[in-house]
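Chemist: These protein sequence lines map, in sequence, to chains A and B.
To get the working numbering, take the position in the first sequence, counting from 1, and add 42.
To get the working numbering, take the position in the second sequence, counting from 1, and add 7.
Source of the hints: derived by calculation from the structure; they are not laboratory data.
Keep in mind the model is a prediction, meaning the values are calculated, not measured.
Idealized CB from N, CA, C, for every residue including glycine.
Hints may be right or wrong, so weigh each one.
[What the hints assert, rightly or not] Derived lysine to any residue pairs resembling SDA-like cross-links, with alpha carbons at most 25 angstroms apart:
1. K169(A) to S33(B)
2. K186(A) to K202(A)
3. K505(B) to K197(B)
4. K165(A) to D250(B)
5. K197(B) to R130(A)
6. K140(A) to K165(A)
7. K486(B) to F129(A)
8. K169(A) to R174(B)
9. K140(A) to S33(B)
10. K197(B) to F129(A)
11. K197(B) to K165(A)
[Said to hold, decoys possible] To be clear about the criterion: a stretch of chain B counts as covered by chain A if any three or more of its residues have a C-beta under 8 angstroms from a C-beta of chain A, and this derived list gives those stretches:
12. 81-92
13. 402-416
14. 522-529
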Amino acid sequence: MGCEKDLNLEATELRLGLPGSTASAEPPTPSNISSNNKRQLADINPDSGFRSAAVSSSSSGDKKSDLDQSAPPAKAQVVGWPPVRSFRRNVLQQQAKKTATETESAGGNYVKVSMDGAPYLRKIDLKVYSGYPQLLKALEEMFKFRYINGSDFVATYEDKDGDWMLVGDVPWTMFANCCKRLRITKGSDARGLTSGGTGGL
Amino acid sequence: MNYFPDEVLEHIFDFVGSHKDRNSVSQVCKLWYRIESYSRQKVFVGNCYAIGPERVAERFSGLKSITLKGKPHFADFNLVPPDWGGFVYPWIEAFARSRVGLEELRLKRMVVSDESLELLSRSFPNFKSLVLVSCEGFTTDGLAAVAAYCRQLKELDLQENDVEDHRGHWLSCFPESSTSLVSLNFACLKGDINLPALERLVARSPNLKSLRLSRAVPLDVLQRILIRAPQLLDLGVGSYLHDPDSENYNKLVTAIQKCKSVRSLSGFLDVAPHCLSAFHIICPNLTSLNLSYAPGIYDNELIKLLRHCHKLQRLWILDCIGDKGLEVVASTCKDLEELRVFPSDPYVGQAAVTEEGLVAISRGCQKLNSILYFCQQMTNAALITVAKNCPNFVRFRLCILDPTKPDAVTQQPLDEGFGAIVQACKDLKRLSLSGLLTDQVFLYIGMYAEQLEMLSIAFAGDSDKGMQYVLKGCKKLRKLEIRDSPFGNAALLMDVAKYETMRSLWMSSCEVTLGGCKALAKRMPGLNVEIINENDQMEFVGGCDDDRQKVEKMYLYRTLAGQRRDAPEFVWTL
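For reference, chain A alone in the conformation it holds in the complex:
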């Protein structure tokens, strides 16, 4: 939820100080105080460095060129902007962090999927699906195959204990939590597992 773009607010928090006091402060005119869309620090031209916006802004109303040249200090977060109550800000920030850690946690969402014969592995987020049928459909689309009863394909997964299991035996939620890796096998290698079953799908 935008955590990659977190600008480490404490370090970059810009307090618009008394106008004209230091180079980092700018007179509060509209053309200078543009926290414009170019927020990423990567946009900064390393050669130009931190040019004071007072230098780059001309007195004329050519605002567009000012925006193009405006220096990094204007790109940092402005204190108290946008005007969102600090309670709300804190709650949303914590929720965003929580979502990020949940997504990353082990045995959780993103699992590698390998298919015999496919040149690349894929990754899918198990939390996005609400059940086995949806997962199957997604896999079929991803690898361009059809999983029909009696076909050669078998889906297996590696669980938290490191064992390779047949997909479909346990309730969906349990599976979504303990699955670490998915593998779709083809042909006789898998036949031993199925032994007449349909793979639970």
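Given the coordinates of chain A, work out where chain B should sit on it, guided by the hints.
Modeler: The following block gives chain B in isolation, referenced to the frame of chain A:
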């Protein structure tokens, strides 16, 4: 006017409800003043420093309910340092001493200590209702005192407060004999809750109409609570994480079906979006929906939910609804009066709604009168269309995430767009501006915004003229707050008497100097002119240097109480 005995006048005044009207009534003559004063039960003090508590208690001897507001509005956005002030303790102490029969206390942006909550709970035997909005300074220990000692407590409503959580024991402090609760809102608490105590409390509160839970209350507890309290009108769901196939979920579906009276829904502080369909059955009855703390509800699940909400009058939502989602709202919620769209990620600076969403809403929701809209961009054309579609706005607050962004199509300032709004909306009382704006927009505001009471300005204007247009034209202005705009002493000092007709003026990062502020304070002894001098930026030297020192933050307000004695070191009252 001496035709009627006092009791008759008093009875007539009973029908005069609003504070404004009662204030007018009290100014007719001395007799009316006297009668109105002793018969007034509800008092509203918009600035806790405008008057002292002893004077309030003395004048309004029948006082039962008081509303107090403390810090200036921009304190919400971290522009006011902590310890600035706004302490409620002196008020509670003074009322206790004067034996005020206090039954209701409503506070906004005030500092509330545990000590003051304890004093409150012990001093007023008839105390019934505590509402705290955006307050800070207390812990769950203070809540425990309120729970334990306010025997007649009907309402405990905590909205967006910063509470230090010492774990969930406060809920078990409600005595077993306490059965009077009508409204309980603890959604803002962060810590664990004593769940069995909560369930028992709900079970013995037959009059409970409003219940808003915190994140610590899981689904199975919610389900049991709903079974106990099907009479709820207002429900705030805490945590909504579950397995759709579980027994708990099925029980919840059954429980929700019994809650036919719920008109207001909020919360979903932790949510897995699947199976919100459990709530679809009550959506058609909802008049108020607040999903602004539920970023986990978005896209299809959100749209599906909203499609059932035909009777919605108030909607608070995150911008992940998108312009398309707002179109669904426009076609579904024909009774919508108030809409708030908050940014789901204020740090990134990207909002998922644009002017298109706002225009769609204006087309579909003819009854709209109040809006707060955080968006990525805006155009004059859109604002002009909105003004034409919705001339009934009372509150219009627009926040473009890039504060000086021009019209996204023409690159022009947004003066014409806002001008259209103030011209069309004759009843406009509150306005917040953003985007690229010149003095022209203030000319329009001064000309047309005759009913305007509160104006918020940020990064706008070119010269003193902007602020002067507003001060000259807006006769009913009560609160003016300005940040980062080029208004200086000439504007500040243009009409000093005006500030006594207003509640307050805030100016930060503008062009006013210490000299200008001192001059104002000298001419207007009925105002407190406060300078917030953080980090010792300024020197109170005096002389010609004053005009070179720009004031970073100035807050002035009219007052009958004189200079306040609780100001911290960094606040100078001139």
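Chemist: Decide, hint by hint, whether the structure agrees.
Modeler: So, going through the hints one by one against the coordinates:
1. K169(A) to S33(B): violated (64 angstroms)
2. K186(A) to K202(A): violated (28 angstroms)
3. K505(B) to K197(B): violated (44 angstroms)
4. K165(A) to D250(B): holds (24 angstroms)
5. K197(B) to R130(A): Holds, at about 13 angstroms.
6. K140(A) to K165(A): At roughly 21 angstroms apart (the allowed maximum being 25 angstroms), K165(A) and K140(A) satisfy the hint.
7. K486(B) to F129(A): Answer holds: K486(B) to F129(A) is near 23 angstroms, not above 25 angstroms.
8. K169(A) to R174(B): Cα-Cα ~32 angstroms, so violated.
9. K140(A) to S33(B): This hinted pair is violated, its Cα atoms lying about 55 angstroms apart.
10. K197(B) to F129(A): holds (12 angstroms)
11. K197(B) to K165(A): Given that 25 angstroms is the threshold and the Cα spacing comes to 35 angstroms, the pair is violated.
12. 81-92: Holds, because 5 residues of the region 81-92 of chain B bring their Cβ atoms closer than 8 angstroms to Cβ atoms of chain A.
13. 402-416: With 7 residues close enough to chain A, the hint holds.
14. 522-529: violated (count 0)
Comparing the model with each earlier hint shows violations of hints 1, 2, 3, 8, 9, 11 and 14; every other hint is respected.
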